[in-house]
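Participant: Residue-level listing of the chains:
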Amino acid sequence: MRPENYQAKNHPPSHEFELNFGPNHPGIEGNYAFKVKLNGDTVLSARADGGYLHRGFEKLMEGRLWIQNIALVPRICVPDPVPMEVCYSLAIEELGGLEVPERAQWIRVMQLEMSRLAAHLFAFGGHAATTGMYTTMFWGVADRDLILDRFEELTGGRVYSIYNIPGGVRREVPDGFLERMSSLLDYLESRLPDYDNLFFRNQVFIKRARDVGAMTQEQALKWGVTGPNLRATGLAFDVRRDDPYLVYDQLDFEIPTEPGGDALSRNLVRRSELKQSIRILRQVIERLPSIRGPIRCPIPNPLAWNVPAGESYTRVESSKGELAYYVVSTGGDKPYRVHVRGPSSMHAVQVLENLAVGSRLEDVAQIMFSLDACPPEVDR
Amino acid sequence: MPDIPYKDKGSILGPLKTLGFFARRPVTEPFEPRPAADSYRGFHVNDWEKCIGCSTCQKVCDNAAITMVKIPGLPEDPVLGVRNERPAIDYGRCCWCGLCVDICPTGSISLTTEYVHVCRENELDSYFVLPDPNGIHGKHFDKGWDKTADADLVDLHQQPMGEVEPQQRDDNFDEIVHGFTSQQAIIEASRCVQCGMCHESCPTHMNAPEYIRAIWEGNAEEAVRQIYRSNPFSHVCGRVCTRRCETACSIGRRGDPVAIRWLKRYAMDAVSDERIREIAAEGKVDYISGKKIAIIGAGPAGLTAAYDLVKKGHDVTVFEALDKPGGMTRYGIPEYRLPYDRLDADVEVITSLGVTIQYNTRIGRDIGMDVLERDYDAVVVAIGLQQGRSTRIPGSDHKQVRKAVKLLRKITQGKPFKVPRTAVVIGGGNVAMDIARSLARLQKQQYGEVRMTVAALEDFDHFLADPEEVTEAREEGVVILDSRGPKQCLVDENGKLIGLATLGVVSIFDQDGRFAPRYDDSDEQVHQADMVIESIGQMTDVSLFGDELTERLEWNRGRLRVDENGRTSEPWLWSAGDMVFGPDVVHAVADGHRVAAGIEEYLGVKQ
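From first to last, the protein sequence lines are chains R and S.
End of the first sequence = 380 in the numbering used here, gap-free, step of one.
End of the second sequence = 987 in the numbering used here, gap-free, step of one.
Hints were generated in silico from the structure; no laboratory data involved.
Wrong hints could be hidden among the right ones.
[To be verified] Which residues of chain R face chain S? A partial, calculated answer using Cβ under 7 Å:
1) 157
2) 202
3) 259
Quick caveat, the model's predicted, so the values are computed rather than measured.
Cβ coordinates follow ideal geometry from the N, Cα and C atoms, glycine included.
One chain only, chain S, in its complex shape (with noise of 0.2 Å):
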């Protein structure tokens, strides 16, 4: 009820009772600015070392106060992801909102309990670049509204991935990850705060900010359309590309980095694959330029640069020594990783536009490289590392020690060999797990049981293969062994493999960061094996060049020497991918567009 009644008629002498406030203190503010509260927002700090110039602060700033400066002699690393940009902040359009914290990848941005400043004129039209870590002034105060974990605007857990049960892949070759249904994947593609970090880090710089913004407004022909902008291998690099953008993403400075490579997946498998080959054709010019090209190889980078070059109306003829297309990415990657139809798929995109491929081919023996000198504008040798190095240890030349490539061509071909009951792989990097878990399949498949071991020569703190292939592998009962050096193959007196002899490692590299491990004798192991598969390493047979070319050819360390666009000494000649610049897919699609521009330009002014 009302405390004072409507009838109340007043006082007239109740407002002099408050005459008892001359004799209270009087209340005055201090001259010195009063402590401002402890999550108070006032003016920014930045921490540098923390801040990558991911920009996301700029893109939330409802005022658009934010701008980006670049600061000279700041680390730039696209691979790391790293920008030498800071934000810079017009304090005329802030409005201490504090969105720009909440929502900063790193967590370097906050607010400081600094509230006073004095503009000079001359200030009234400049920004403020964010320092660290005294503010505005130079002087020195507590942060106020700082990042906390249940404010954090940023979502930095990955959608789960769906996987096949170790126990229900272990005997078979079918694909492991089931990828994203549409609900997951606009789920994790609204994750992207579209920095922009991926598209620098990608070999092929890939348009993954666009390609993600269209997956989370549903359009993933918009999608794949962004995505046939730089990469014409997108089911392969949707499964099994090495995602150095996923190693740049800004998210994953604190949480999960955003699953490009399964989003990239996704997109790829939401469409059709006939509307896939009408949205690649897309600016493919309606003339024939007359030019014809030849192509070595029908792996990613040769195709890579017959998708460029076909589209730009040449004559384009894929020269391929096997009997299927795809190099490496069909005869290095075990199924479960990469399904051989989705291979197809993309090849038959670039066939689809005109590409001739011409199978069982070996250039150098069937046709030789003059021929080609004469008959086609432009030769591109794209044949990949196609043969395994050896440890070259002691009893490395038994005919029971394999190569893992070699090994992993013929699982493939399906060509008919013994599985070992128990085998050995030398090796620690990707290609040691393919053919590990390879084998183990084939294990379980004929026998029963896995008796696999990969001996590797790095710790697990610095192993090369991925972390999730080494998780898979011993899922599947392949025991990882670190920090094992090969000594020896062992023969029993029938000249029977019967194992390998490992020792500990103490150190791989010398003082000047040469590759020369060292080892520990004292520290010696006999694994029992059939076979030992050596996966150290591949390098390319360049012996299609015949004696006559290579003499001709200017070479860098056994590989051939190429100029900023791909070409080598002679000028019909280009060379591109792996043989270039060691085993990577993503590489190679890189590398073949660049050939394909190089080669464009060249044919633009040969007569």
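Chain R with its partners taken away, still in its complex shape (with noise of 0.2 Å):
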């Protein structure tokens, strides 16, 4: 029975609905995902959802030796695992005051641009994925998978190299390895052209991703975005340059920037970026060699390492963006606090549920893909 003052109530009209946004669309990364607000096919609202990726790095790490953690950082940033490798190892080497051999240093350049390479060919093959054009992505993987192939021959792994350690790198670089890293630099140059002709010049991306996701250089530094999606809007701000590492300074290399801050410029700036790469490494492979020396300066043993208390914060740009470490220790075996500074997720959060709103459905997949995000380096 109703009761006697029932009335009922009239809802206006609305084509308001919410969607969920992933993990299951081919756009966007593993389990992230989106829970969209629309109006029509219109973006009123979007909220970043990390699912069940959470794995806990940066607890998991104050329970593991120091050396254990090289082994788990990688984990982080799956495309690009290799700074997060070097991130770590700078930040503890400053702390324990090590002196990282020079020769380290070269092998160390040269496995964060072959990783970069690797990575941007992983991030706008998946950003043509989005926009429909799958031969662009079949090719960006297949190429990455030759990248890999070198840094299997270099490291021993494939994907998770876990080749740098506090002090240096583990091994020695196999004989003959720089030959085939340069053969294979000339197969990705060639390749170049085709890419551009397939994706980069193509009209249909060129028209679906210009003013797609734009934001000012304003924004973008409010935001907290780094890296090419920073240099998009403009701003030629690079670690590698601004603040350098390893022997960054003694290389030459362009800091490509682009004006539309929008999913184009992004992947502009990534196109140039792998020119910019292929050129510091040809610079390592032709320096290597005449650099000689140890490539580990010596640390103690691993089960009983009490690294100095401090605490420091090392940054490296990683192909999403700035990569910091912020490592505590209190003179323990063990890491009392890590702190990962992820460029991923201040991209994938703030700026995408801001630059999201307004946009239209189809453009949430490319607008999340130009901006490069890594969901694991979002939720550590």
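Combine the two chains into a complex, taking the hints into account.
Facilitator: Here you go:
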């Protein structure tokens, strides 16, 4: 029985509805999802949802020996794991006052740039897939595989190299590696016109990506945007040049920028960076044979290594942006606290939530991929 | 600058250029697995011959993927530091980081180029024990990620121990080694991988991993606490122990073992004697049991038993024939190896707990065994091996032919004797080195030059004395000859000793492994000497028992027969130390603990 004072409520007609975007959408990596509120096809608001991705990396590190974490950190960013290892190692080296031999520094730069190439090939391949251009994705993944072959040869592992440890790197460069690397670079460079024809100069892509997810430089700075996404707003900021680490100050390279701040600009920056990375790698290949010496400085027995108390903040330029490790040691054999400043946590949450508003539903995946966010890095 | 301008309008025809790819060869993955790179991190193999089961791989594994599994039938020898355990891998956890390879002390474990595995349902919760050398599927694959010299995570080099230079030490009895600084000790302690091989090989099972860890943590007091759990003679053992721990040390497989003995010495020296006494008294019961125990001989075995028993509340009296405690550690070991004040510090810890030592009391002469049997609940005989053996070669009954142990006792007691101008020592053990080096010092003091020769039966490949003893003796001017067997002591017509004749050794043992040296008669040498010292072993003087008790006791080849607790055939009489086990400090300590435990058990049931 209805109460006597019951009055039926008349809802106004609405076109608003909520859509769970991901994690099964091919444009979204892993199990990262978005709750999008739509009016028709237009996004009214978006909420990022990390799902069950959280693996608690930062907490896990506190329970492990300093050296054991080198097998854990690369997992924070699957497509671009090397900067994780290097940055973690740099932080411990700073705390422990370790002098990394020059040869190890050059080998580290080589890996970092190899990793950047592989990550960029993956990133715009993914972006192409969100716009339906699967051939580009297949090409990108296939060419990335060739880089992984070289990783396998150098480090023994294809995806997670686990090759850098505090103090240097774990193995010497194999014989003939640099020659094979050099011919790979020749091949990759010869592929760039193919990528341009198929993707970067493809009118379909340009028309779809231009002005999509655009942000101004002021917005970018306010939201903590770094890396190619920041350079796509016209600001030439790169940790490699502006706060050099390892031997980047001895290398000759450019910082490409684009003016648009949109999805197109971000991809064009990555396209230009491919060429710059190849350029850096060529210099490393030329210099490395002349730099002799050890590949690692002696470190104490890892089972009984008390890293001196203190805190360190080290940053590197990963393919996604500025990656930093804040490590606190109380002088024990394990870290007291490790905080990872992953660039994707800004890009995938606050930036994307803002940029998606007002865009059309079919562009949401495009915006996310143009930001090149790495979900495991968001939720560490 | 950007390779493609932002304003570029692009082309609708550009993508069509890629149609040319139809004319290219397709990329296909071969059906057969591709061979992996040379240093690939695939499935493990482990060389079972090299592996000692030290479990260091298990400790470094960041995913707890490694379990040590006992393999029956494999050799197991705590003295050599070999366990019959081998690592097993849970490939559901392994992340192929290769840290196990880089830290393996023996270098037995490595990763291969094998990477394909299809798991059956019933294998999901099983471990894979690393076999040799054919890998997880029994198919041979080449090694991938293997240990290389520049990637070794084990520190193979010991911290150098500072020593007094030979020219500064060859005329005095000051201690030779300086001991570690705290910095050195922490670095040395950090080399330890906590495998525990040392603990198993030590006769008294010292908690070496624990005290090394404590030293590494900078906590010397905790280290002393760990040391006193099993050894009240740690100043002594920190200096002169035969350190079986270091023979068993897994780091010593490829490099220098951890300097466990010097670390013990460091911990003992770093803590004040007062504090050590407080730590040693921890755990002493606060009641009096009313039982009386007599211990004969204030050496390491007797005093260790006294330490254990007094902590259980018993009334312990130690009878010592000489005027100072320590037994062979005082009267057998020269002061340059073991300063007497450190020995005194060890003994003071024991006396401070309430143990009474009656000096200058020789049992059998001053007090009879029957008195002890009547007045005490239990009696321990720990009188050591205080008599030197004789070679019984012609001329060895000359008064200038001396026994090493007696002469060392004389030097310690400061009793005057004529230091020989030239002397020969027969023997090649540590006692021979002790007497040679002690006499060399006295020669240097009195005559300004050293004329000492040591003639040992063994060759240098099978030498009995520690290598560093040999090196240091040589640095001090002692001449050491190997493979020389004594033939006869030469005496001139006036009855004066003029030297020793030796023969070259052909073999020492016969085919049954019995001691039966054979000499080459054509290879005779004469070594001039006005004193010959025999240092070929010691025996015990059992005259204290008296005829009646000697008759009652059961004997085994001249030694007292004892059961597994050290008890003789008389229910009230125990025997411990060198007289049961042969000369070794740390064995004596272990034996002291053993008889103390046996007595404690016996007193518990005695009415």
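Participant: Compare the structure with each hint and give your call.
Facilitator: Hint-by-hint comparison with the structure:
{"no.": "1", "hint": "157", "result": "holds (5 Å)"}
{"no.": "2", "hint": "202", "result": "holds (5 Å)"}
{"no.": "3", "hint": "259", "result": "holds (6 Å)"}
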